[in-house]
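As given, the protein sequences belong to chains A and B, one line each in that order.
Under the working numbering, the residue at position 13 of the first sequence is numbered 13, and the numbers go up by one with no gaps.
Under the working numbering, the residue at position 125 of the second sequence is numbered 125, and the numbers go up by one with no gaps.
These are calculated hints, taken from the structure and not from any lab test.
There may be inaccurate statements among the hints.
Pair by pair, the computed Cβ-Cβ distance ranges are [said to hold, decoys possible]:
hint, chain 1, residue 1, chain 2, residue 2, range
1, B, 81, A, 476, 57 to 65 Å
2, A, 476, B, 90, 32 to 40 Å
3, B, 62, A, 478, 53 to 61 Å
4, B, 58, A, 293, 38 to 46 Å
5, A, 151, B, 82, 26 to 34 Å
6, A, 467, B, 37, 55 to 63 Å
7, A, 197, B, 44, 51 to 59 Å
8, A, 435, B, 58, 57 to 65 Å
9, B, 75, A, 214, 15 to 23 Å
10, A, 439, B, 54, 48 to 56 Å
11, B, 62, A, 200, 29 to 37 Å
12, A, 460, B, 58, 17 to 25 Å
All values derive from a computational prediction rather than experimental measurement.
Where a beta carbon is used, it is the ideal one built from N, C-alpha and C, also for glycine.
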Amino acid sequence: MSATAVTAVVAVVAVAVGTVAVGAFGLRLSRTTSDFYVASRTVGPATNAAAISGEYLSAASFLGAAGLVMTRGVDALWYPVGWTAGYLLLLLFVAAPLRRSRAYTLPDFAEFRLGSPAARGVASALVVLIGVLYLIPQFRGAGLTLRILTGAPTWVGAGAVALVVLLNVAAGGMRSITLVQAVQYWLKLAALLFPLFFLLGRHGEGAAGAAARLHETTWLEPMHGPHSLYLTYSLILATFLGTMGLPHVAVRFYTNRDGGTARRTTVAVLVMLSAFYLLPPVYGVLGRRVLPTTTDPDAAVLDLPRYLLGGGGADVLTAVLAAGAFAAFLSTSSGLVLSIAGVVGQDVLGRRLAPVAAFRVAAVVGAVGTLAVTLLSGGLGVAHAVELAFAVAASTFCPLLLLGIWWRGLTPAGAVAGMVAGGTLATGAVVAVMLGAAPSGTAGAVLSQPALVTVPVAFAVMVGGSLLTRGRRPAHVARIMVRLHTPEVVQVDRGGFRARGAD
Amino acid sequence: MSTPPVGPPQRVRVTAPAAGRPRRTTVAREIDAQSEVGEVYMRSLMRSQLRLALGLAAVLMLSVGLLPVLFLEVGWLRNAHVLGVPVAWVVLGGLCYPVLIGLAVAYVRRAERNERDFHDLVGPR
């Protein structure tokens with residue numbers, strides 16, 4: 001192994017050991033079922049905001065965004081903007097009511113709002129689907145990173161991340177995860193910021209012809225290429241509306257003390273994400289200037305120190321970036337495995353096993369299953385795979401949350417029909433892309449970014465289905481609205497819903 | 001301070017929940033009973049919160065959300081520069097974020113005011 005490889009592997013191992021160590025510290029504190037799922041809501045807003053940001057900044061943010069900016073230019077800046085703006089829409093329409101519903105997971109919310117086991121079942125299936133879609137690029141990113149650093153086959157990195165996440169999730173549950181995630185936000189921010197001080201001042205010669213590519217108009221100027229308007233707005237819709245429907249994001253809101261805290265936490269998240277997302281585009285532009293065209297876009301961030309500095313300095317910076325990248329894989333994967341395990345543990349295994357045992361078994365099944373899917377499925381860019389997960393979330397949980405919180409007329413049948421319609425269409429597009437389908441023209445654009453078609457369809461089906469089954473509105477919808485919208489200080493009857501697994 | 005009481009103190013009947021819980025108002029009782037009056041109060045709270053959220057979402061759509069159309073339709077904007085950096089890069093790479101944070105802060109302030117108004121109307125005083 002080269003010197004770069006050795007320092008990088010040391011850094012990666014340090015992040016992994018640190019993660020497990022903080023997790024073990026949390027383990028001593030987490031004892032009850034509720035601890036496992038939501039840390040018993042003893043986490044303060046600042047820690048919680050750092051934890052949400054730490055969990056959210058995934059392989060796509062740390063590696064993928066820079067690669068996209070490097071290859072596609074200014075239009076790719078919509079990815080980080082959309083990933084941040086998603087939290088603004090979450091704040092405006094969902095944050096406080098979701099917290100006040102006292103549901104733990106999105107299936108809990110479906111059950112609370114609609115009182116229907118069928119709606120809960122569909123929501124549970126969607127949590128697993130979106131979770132797996134989002135996990136695949138994390139595992140793939142880990143495999144890719146370790147291969148770049150050491151030449152190891154991709155399954156090594158993917159397997160390593162799966163193993164560390166499992167140790168952590170199965171051992172400590174949410175409480176340890178919250179601490180781990182909060183630490184990892186700062187770790188990721190530092191890991192991306194620190195190398196810039198060294199990289200920005202250097203004018204390495206770069207690959208042949210790279211500097212000229214910096215001035216190509218299709219890269220430099222916005223809205224080039226066919227269907228650019230459709231693709232941009234579809235991306236905007238998927239990211240703006242998809243964030244609220246991501247299972248690992250929604251689950252974080254239950255750790256806030258009340259609705260008002262949930263709002264203030266979300267504002268802090270917006271600030272933290274904004275600070276982070278200023279950085280990846282800088283790496284993208286640097287990569288455009290010095291890296292050869294053959295560079296894998298997802299590897300751009302890691303390759304930069306070698307091209308700009310060389311020698312021991314480059315080894316150290318590559319190690320720092322690799323550590324940050326692994327923090328990204330670990331934190332997002334932990335959150336996703338936790339969400340999948342929460343749902344599978346409660347809905348599938350809950351009747352046969354004790355809660356904590358069910359949770360642990362579910363975590364193992366979720367992580368190992370996804371690892372298998374990752375290794376079997378073909379290549380798909382990290383950021384694009386994440387984007388498809390956003391599209392599915394925006395086409396299913398977004399209408400459920402928006403209509404469920406703000407419209408009394410939503411019925412179980414309408415909600416199920418809407419989630420199934422949006423989910424089937426969006427997943428169909430995802431599967432087609434994964435299988436390599438790439439029709440030309442408008443059809444190709446729609447397949448690669450389905451949200452602008454599937455989100456309105458999901459909303460229309462959900463509203464239409466509810467209007468057709470008007471007689472089947474949940475009996476206590478008025479009480480449910482009281483629960484969702486009245487501030488906690490007001491003393492009113494909020495009904496008696498308790499999420500499964502609550503104590 | 002009032003003057004100290006003269007003569008034997010009045011007898012006071014002590015009952016269970018007096019001290020801790022503030023007395024609930026009639027409005028809260030109307031909401032609990034899901035009467036028409038209670039529903040009017042709930043609808044007005046929900047409507048004010050929804051109007052606020054939709055209003056700020058509209059601001060988002062008319063600022064950040066309109067950028068793709070602007071970049072496509074306004075020719076000079078595509079290659080305009082500010083301090084040597086293309087405008088599109090400055091806006092999408094940096095200026096969008098303060099707008100998002102500003103909208104978030106404005107929302108929280110107004111949403112909490114709506115809730116305080118509701119509390120003043122309904123809650124224990």
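Hint by hint, here is what the structure shows:
| no. | hint | result |
| --- | --- | --- |
| 1 | B:81 - A:476: 57 to 65 Å | holds (59 Å) |
| 2 | A:476 - B:90: 32 to 40 Å | violated (51 Å) |
| 3 | B:62 - A:478: 53 to 61 Å | violated (34 Å) |
| 4 | B:58 - A:293: 38 to 46 Å | holds (42 Å) |
| 5 | A:151 - B:82: 26 to 34 Å | violated (44 Å) |
| 6 | A:467 - B:37: 55 to 63 Å | violated (28 Å) |
| 7 | A:197 - B:44: 51 to 59 Å | holds (54 Å) |
| 8 | A:435 - B:58: 57 to 65 Å | violated (39 Å) |
| 9 | B:75 - A:214: 15 to 23 Å | holds (22 Å) |
| 10 | A:439 - B:54: 48 to 56 Å | violated (37 Å) |
| 11 | B:62 - A:200: 29 to 37 Å | holds (35 Å) |
| 12 | A:460 - B:58: 17 to 25 Å | holds (21 Å) |
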